[in-house]
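Chemist: Chain by chain, the residues:
Protein chains: 2
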Amino acid sequence: MANKTDLLLLFDHPTEPVFMDKGKEQAFFEIPDSYETDNYKKVSKNVQNRVGGDKNRVIFIKELPVPDLSIPMTLGRTDQFSVFLKSHRWQAGNLIEIFTKLPSFEELISVAVYAKDRINPALFNYALSVALAHRGDTKNLRLPTVSELFPDRFIDSQVIRTVSEQLFVLEGTPSPDPIIIPVNYTASDMDPEHSLWYFREDLGINLHHWHWHLVYPIEVTPGADKSIVDKDRRGELFYYMHQQVIARYNAERLSNYMGKVKALEDLDEPIAEGYFPKMNSLMASRAYPPRFNNTRLTSVDRPVNQLKVSVDDVKRWRDRIYQAIHQGFVVDVKNDKIALDEVKGIDILGNIVEASALSPNMALYGDMHNMGHILLAYSHDPDHRHLEAHGVMGDSTTAMRDPVFYRWHAFIDNVFQEHKRLLRPYEVEELNYPGIQVLKVEVNSKNQTNKLTTFWQQSQVNMSRGFDFLPRSNVLAQITHLQHVPFTYTINAVNSANAARFGYVRIFMAPKPNGRNVSSFLAEQRLAMIELDKFVVQLNPGLNTFVRRSTESSVTIPYERTFRNLDENTPAKNSPEEQESFFCGCGWPNHMLVPKGRPEGLPFELFVMISNYDNDRIDQDTVGGCNDAGSYCGIRDRKYPDRRSMGYPFDRMPQLNAVVLKDFLLPNMHTVDITITHEDRTEKRFE
Amino acid sequence: MANKTDLLLLFDHPTEPVFMDKGKEQAFFEIPDSYETDNYKKVSKNVQNRVGGDKNRVIFIKELPVPDLSIPMTLGRTDQFSVFLKSHRWQAGNLIEIFTKLPSFEELISVAVYAKDRINPALFNYALSVALAHRGDTKNLRLPTVSELFPDRFIDSQVIRTVSEQLFVLEGTPSPDPIIIPVNYTASDMDPEHSLWYFREDLGINLHHWHWHLVYPIEVTPGADKSIVDKDRRGELFYYMHQQVIARYNAERLSNYMGKVKALEDLDEPIAEGYFPKMNSLMASRAYPPRFNNTRLTSVDRPVNQLKVSVDDVKRWRDRIYQAIHQGFVVDVKNDKIALDEVKGIDILGNIVEASALSPNMALYGDMHNMGHILLAYSHDPDHRHLEAHGVMGDSTTAMRDPVFYRWHAFIDNVFQEHKRLLRPYEVEELNYPGIQVLKVEVNSKNQTNKLTTFWQQSQVNMSRGFDFLPRSNVLAQITHLQHVPFTYTINAVNSANAARFGYVRIFMAPKPNGRNVSSFLAEQRLAMIELDKFVVQLNPGLNTFVRRSTESSVTIPYERTFRNLDENTPAKNSPEEQESFFCGCGWPNHMLVPKGRPEGLPFELFVMISNYDNDRIDQDTVGGCNDAGSYCGIRDRKYPDRRSMGYPFDRMPQLNAVVLKDFLLPNMHTVDITITHEDRTEKRFE
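Order-wise, the sequence lines are chains L and G. Sequential numbering from 1 applies to the first sequence in my numbering. Sequential numbering from 1 applies to the second sequence in my numbering.
Since the hints were made in silico from the structure, they are not lab data. There may be inaccurate statements among the hints.
Repeated chains share a single entry, so a pair holds when one copy, or any two copies, can fit it.
[Said to hold, decoys possible] Straight line, CA to CA, 30 Å or less: simulated DSSO-like cross-link-like pairs of lysine-lysine: (1) K226 x K55; (2) K684 x K41; (3) K42 x K24; (4) K42 x K684; (5) K41 x K24; (6) K334 x K226; (7) K4 x K42; (8) K662 x K101; (9) K260 x K684.
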């Protein structure tokens, strides 16, 4: 009899036939004859006998009436799946609905087993993930991370060869050396852009991006329930999460002695930055196509993807969105005006720009952000004459590897900032917290005060489930990534009132104005502000000291969620959060919380503000909501945990008299100068 | 004890460690401990026990002093090897010398076993192939074809996935279905160029090109014996073989309703034709990079390849070569003039243009042909900033897949034709054969007269040896290719003399002038002449009838040499030719002898000439010389089997009064109109 965790076995070895051995126990699905596909008619028993005989656990699958899968089956088995494509979203949406509506677990696993060998493996993985996360009877299953199942989307294709060699030659050897994932394999020292490989190609950052878009799907199949799209302030979160990515990316650029990323404003100019991902899709057995230096965007017309979009389309949408911003309202499909006010304006704009199914007028404002990805993702073969699939920009698991991702999102952010620039600055009453004074802020890292340290770290991930058609063995991959020495914030604050008050501590950091690469003006510096943490404190009358650990950050998920050792098929056993990794996987990876320093030290200003929690609070129970990284990801099934605009207090232009950050400070705020030093050494995290 | 054919086992599974099981017998090399590489120290015995225990034949390898391999080891194990790169040629040349000079077979196999896991697999294969073919004690070994060992350079990368799946899932199944090699996988109907996929991506054509360049290496390591380069009329053969490729390609274009290929004369213009090879190198575990439509050539500066060449360099070489042609002489390194006369001129020009080590002045005339390949092969990453290897144009096994190959060689041919155009036309006495008259020519194919038929055929090749790190099993791949119904030429000729005479029958074919796509002028039509055959006949007094089969063509190798079923490790057993497949592999594939027809029929003029063999003959014994395809490949260790200029009688401009082909005819010549009809059906060649 199947149990619920057996569903997770269907994620294993995504391109292998369903009757192959699955999981650590090498369990078998015993499938009805009618479920076998034509290419393996009647062979499953023979294969199972060869591989395991009767030693293995057998999961009997009941033969049931199978729903019509013709819509998701329109995508070929070896095609590249992309949620940026409407046709693929609809195919996936259809399958999600099928999985979600099956009344019993028994029906779900039977249909899923039937579907596995008939549906494109990436689409199957996506649809089953979303469905399991939204079904009441399966939402607590701990889903595997996409990088464990599709490692090819995260690593140098040469690793695949190494893994094949190791597993084949050393078959059965209990603990072979970990496979070294190369660093720097796309990066030469001839191109300054390449120095950012460790950020763009970071496993955790790309997983975050994938998770974010999984948590916030763009749309559902027409007619289906919109609730998985219509989440609290999702448009605003789209703006804010990506704005923070750009702020963080610019900090990394500064660390590498480079200026801010140049927004892709001019869609006609050749795009200087090429990108060669050096990744092969195992599913497609084809390489991710590169983009050469100085490629120009041209209109995309690919009937195979039901896709037709011109560069002019995107320009028109951009101009209409700017017009809406400058007129202060958008027009919906009934031609009614919706004000872009200071509360809801950015959320509406986010829905319009992204564009999600919540856009009030898709025909008029179009599909700017997605179609920008599309123009870039197909610039090598815009009319499909070469039968090529999308480049990395066409897939949320891979897009952040490409330097042009940041150029495109810098442009997207400029559009949002145009709206924010027109809002009135916050008044003092909206910023201060009468009676609360922050006296001192200190950052402590090991024995150092106000000095952070970054370095390289080697961690391991288990990629065993993702290497198909190879002898079963553990595949430990050793990944080199940025890391920082853990630190704490110590905040001294005085409450001059007689009663305890609640405060929302907001911690940001931005490069310190130095008159050269970094602007001295708060009007610009505010855009460089990186949110580090946000948490509630109780301020007792008198002096309060708060110590907060960097690992508790509200923007990050713990190290172990990126680099965990996967215990396959074990039921959820940890904290409630741990049970819901689908949502909880979303979040900036903690190892990337701090931008890389410079060997000689890179000065930042750390900003701490305690705002009045009475004005900020959302009254809700967040237990079980998976709120590690609420600032960038929201909280599952809950409202965004802050009533303020995202990015507050830096989301708007400062008052005219606040020329530099110091001018902006009120008693409930404080800054401290810190230095980030990078030590060019590599530590192993495991023994 | 090792025997000579055991050397061939070293070609098997090119990227697997040498201690893995090899060949059908799954034989093992028992290697000295000191031969083990660091990454597999002390594991070879364990692995051999696991794989076969003592059941397998063991080949004991003697520990011997190992020569210095540091030069060939400078190329990384996963780097892409290219004979177009001087540095790679020198690395290979060094290893060839090492292999060639080892006094005994025992030393050869010991050093080769030691080298196998230390040398880049493609370089190892190339160097060992050349060495075995040139050593007296091994030259009769039948070497495997490169497509059996490196199938990844000949087929869609998706096939690799299919093979992995089949071998893994159906491991041990005795005769699984053949793997279908897709057709058309790089070709859409949006691009007229794509209709030529069946020619550009033909297995036999690409093997021919690889063999040709293997038989005619460009150079040896400085100081080494030049004899493998300095073959009879090699410069002229370079010109002629490639000229014929262009003539054949243009016939295929006509078949597809396209005009002649446009020579790449202007190195500054964007190259309209992109190419996406969709092939992954198994050795590098990286894709062959594509070239986008409208890519511009820029100077290549890649220290990693010891390569620096500018577009201007190539222009300068071109202009100097044109100047030499127009002045009628080249200048050697001593500043002496060498006349470009009608006998040796084209051979000298061939050496200069290619350029081979026989070029009389490399400094002045440069390296035009090779560097054109290089500029094109690296146009996606000319300065190596993206750490990319060469595209298909950088490798003789893959170059002919790319439409730009034909544009480049059309330009190269224009240079040669500029020389030929300046030669005086042949006089009647150089063309006629007094007393010999060709009365009638007929082409018979099945029941049809003067009608040839082309169609699609499916054939099989065994690629088992080239799929590494997979369970051992036969991998039969089914390839779809052009084929024609076999035919015969029947030639009636009268000898009016009283004694028997010998004649050299020369058969050409060119599209029939039709006033639209095809020029009516012989001055142009001569360049479209495709050599079909050349053979000696004895003309007895009176009427003679000669019947010649299309399979006997002097430009082709037999079908079985492209699509043979490989009997692994069997000693040479067939005809002497069959023993020397290294040389004998060179030749146009017989299945591509006839250009594809059109459904409605495509008219050609077939031209037959009987020249006086007394003027043409080279007195030599050609038995054992492997002369199937002598017209395009020469004969092993022999002179080119014709004293006439290659392409005679069409290699020069006709006399002014020979406006059309009819005007050119003498009694010893004859033409017949034939039609080539393509039937769009697919036949299986095997049962």
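Chemist: With reference to the structure, classify each hint as holding or not holding.
Modeler: Now for the hints, and whether the structure bears them out:
1. Within a single copy, K226 and K55 get their C-alpha atoms no closer than 46 Å, and across copies no closer than 65 Å, so neither meets the 30 Å cut-off.
2. For a Cα distance limit of 30 Å, the shortest separation of K684 from K41 across copies, 24 Å, qualifies, whereas the shortest one inside one copy, 48 Å, does not.
3. Taking identical chains as interchangeable, the C-alpha atoms of K42 and K24 lie at most 30 Å apart whether they share a chain (25 Å) or sit on different chains (29 Å).
4. Within a single copy, K42 and K684 get their C-alpha atoms only as close as 48 Å, which misses the 30 Å cut-off; across copies the closest is 26 Å, which meets it.
5. Proximity of K41 to K24 under the C-alpha cut-off of 30 Å is found in both arrangements, the shortest distances being 26 Å within a copy and 29 Å between copies.
6. In the homo-oligomer, the alpha carbons of K334 and K226 lie at most 30 Å apart inside one protomer (20 Å), although the nearest pairing across protomers, at 83 Å, exceeds that limit.
7. In the homo-oligomer, the alpha carbons of K4 and K42 lie at most 30 Å apart inside one protomer (27 Å), although the nearest pairing across protomers, at 45 Å, exceeds that limit.
8. Proximity of K662 to K101 under the C-alpha cut-off of 30 Å is found in neither arrangement, the shortest distances being 57 Å within a copy and 79 Å between copies.
9. Within a single copy, K260 and K684 get their C-alpha atoms no closer than 32 Å, and across copies no closer than 62 Å, so neither meets the 30 Å cut-off.
In the structure shown, a violation is registered for the earlier hints numbered 1, 8, 9, in ascending order.
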